[in-house]
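S.K.: Just need the whole structure built from these sequences, with the hints factored in.
The opening residue of the sequence shown carries number 1 in our numbering; numbering runs sequentially from there.
Careful: at least some of the hints might be erroneous.
[To be verified] What follows is a list of derived Cβ distance ranges for each label pair:
no.: 1; residue 1: GLU256; residue 2: ILE104; range: 23 to 29 Å
no.: 2; residue 1: ASP267; residue 2: ARG3; range: 21 to 27 Å
no.: 3; residue 1: SER342; residue 2: GLU256; range: 43 to 49 Å
no.: 4; residue 1: SER305; residue 2: VAL261; range: 16 to 22 Å
no.: 5; residue 1: GLY263; residue 2: ARG85; range: 38 to 44 Å
no.: 6; residue 1: HIS10; residue 2: ARG301; range: 39 to 45 Å
no.: 7; residue 1: GLY130; residue 2: PRO34; range: 46 to 52 Å
no.: 8; residue 1: ALA349; residue 2: ARG12; range: 58 to 64 Å
no.: 9; residue 1: LEU39; residue 2: GLY302; range: 37 to 43 Å
Bear in mind the hints are in silico, worked out from the structure with no lab data behind them.
The beta carbon of each residue, even a glycine, is placed where N, CA and C say it ideally should be.
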Amino acid sequence: LERETFDLVHERLVLVHLPERDRALDRMITALKPGGWLLIEDFDISWMLLTPACAPADARLFRNVIASFHEILTGAGVDPAYGRRFHTMLRERGLVDVHAEGHIQIAAGGSPAWRLHQANVEQLCDRLVGSGLLDDDEIERFQRLVGSPEFSSNYHPFVSARGRRPGRARRDRGSQDGLGSPNGTSRESFEEEAGGRSTDGRRNSRVAAHQARATNKSADARLFELIEGYKGSQVVAAVAELGVADVLAAGPTSTEEVARVCGADPDAMLRLLRCGATVGLVEEVTAEQFSLTEMGTYLRRGERSLRDAATGLTGPTHWQPWSRLADGVRTGQPTAAQTLGSDVMSYAAAHPEEGARV
1 LERETFDLVH
11 ERLVLVHLPE
21 RDRALDRMIT
31 ALKPGGWLLI
41 EDFDISWMLL
51 TPACAPADAR
61 LFRNVIASFH
71 EILTGAGVDP
81 AYGRRFHTML
91 RERGLVDVHA
101 EGHIQIAAGG
111 SPAWRLHQAN
121 VEQLCDRLVG
131 SGLLDDDEIE
141 RFQRLVGSPE
151 FSSNYHPFVS
161 ARGRRPGRAR
171 RDRGSQDGLG
181 SPNGTSRESF
191 EEEAGGRSTD
201 GRRNSRVAAH
211 QARATNKSAD
221 ARLFELIEGY
231 KGSQVVAAVA
241 ELGVADVLAA
251 GPTSTEEVAR
261 VCGADPDAML
271 RLLRCGATVG
281 LVEEVTAEQF
291 SLTEMGTYLR
301 RGERSLRDAA
311 TGLTGPTHWQ
321 PWSRLADGVR
331 TGQPTAAQTL
341 GSDVMSYAAA
351 HPEEGARV
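M.R.: Now the structure itself:
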């Protein structure tokens, strides 16, 4: 793998089987660009040594077969407890924003989980018997036990861990499209974390770059970006209304400090800032420390600011009439009259505090 090449490196159910898994993990991390993410996913099969809730004789058989199975795997270079060490391994290698979680299931006998394990035991049957760890009768009784719907026990936890390589993510100029998110706005980037002016030449090159990328996306992906688009505008509005851009104008600032100056909850501010990063307003330069992008500078107060437009054009005066567009098409009547009681300009004149913002 080439160094500092990828924004995301993902591994699933591979490392646990590799004798040189640590070396492979190190190479995956060095392949990340600064700011890039690593996602690793594997089973922690050591959990299966827990005694199942069944008759004592069946429980002893189960533990004996599982322990023998693990002994064969360990001899082949497999680490049965690899998954539980993910969090520590990523932190020790210098990644930040590290998070790990596991999915645990209690699987009934005969379920797909235990059918998979029956196949695994069958594959190693000759080695289990040949090594003297088990005999044919024990293997046959184990296969019947885990195939019975009366049996149940915990299966391997599936562990996922992610971490980010420190440093500022490098982006090519004009690499933002859609609502300003790198490589497009995705549903995941908004759900997990709950344009500036330019010369005509630069603007045209950005539009051309966006159109070229958009053509490579599937039709359903482009449609979903349109469906989700309102979320991006609300992120812009919140960043503008809270004055985040003014706080970050001084340089990289911690989430705690941004929240303190803006009078906001620190945890909620962290989520907002990470949403702001997905639409290109800010960048997370180190763990929970953010800086302003060129686009984000136009949300500062002052000359050439778009702050008022960001708060006014995303507010109810404008989005309420648009929310009734289908009704307006059906009736042929202006939607502003239905939602605001008058046309937009008359409403703005009657509500100068809102009209002044746009």
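S.K.: Work down the list of hints and note, for each, if the structure agrees.
M.R.: Hint-by-hint comparison with the structure:
| no. | hint | result |
| --- | --- | --- |
| 1 | GLU256 to ILE104: 23 to 29 Å | violated (34 Å) |
| 2 | ASP267 to ARG3: 21 to 27 Å | violated (35 Å) |
| 3 | SER342 to GLU256: 43 to 49 Å | holds (45 Å) |
| 4 | SER305 to VAL261: 16 to 22 Å | holds (18 Å) |
| 5 | GLY263 to ARG85: 38 to 44 Å | holds (41 Å) |
| 6 | HIS10 to ARG301: 39 to 45 Å | holds (42 Å) |
| 7 | GLY130 to PRO34: 46 to 52 Å | holds (51 Å) |
| 8 | ALA349 to ARG12: 58 to 64 Å | holds (59 Å) |
| 9 | LEU39 to GLY302: 37 to 43 Å | holds (41 Å) |
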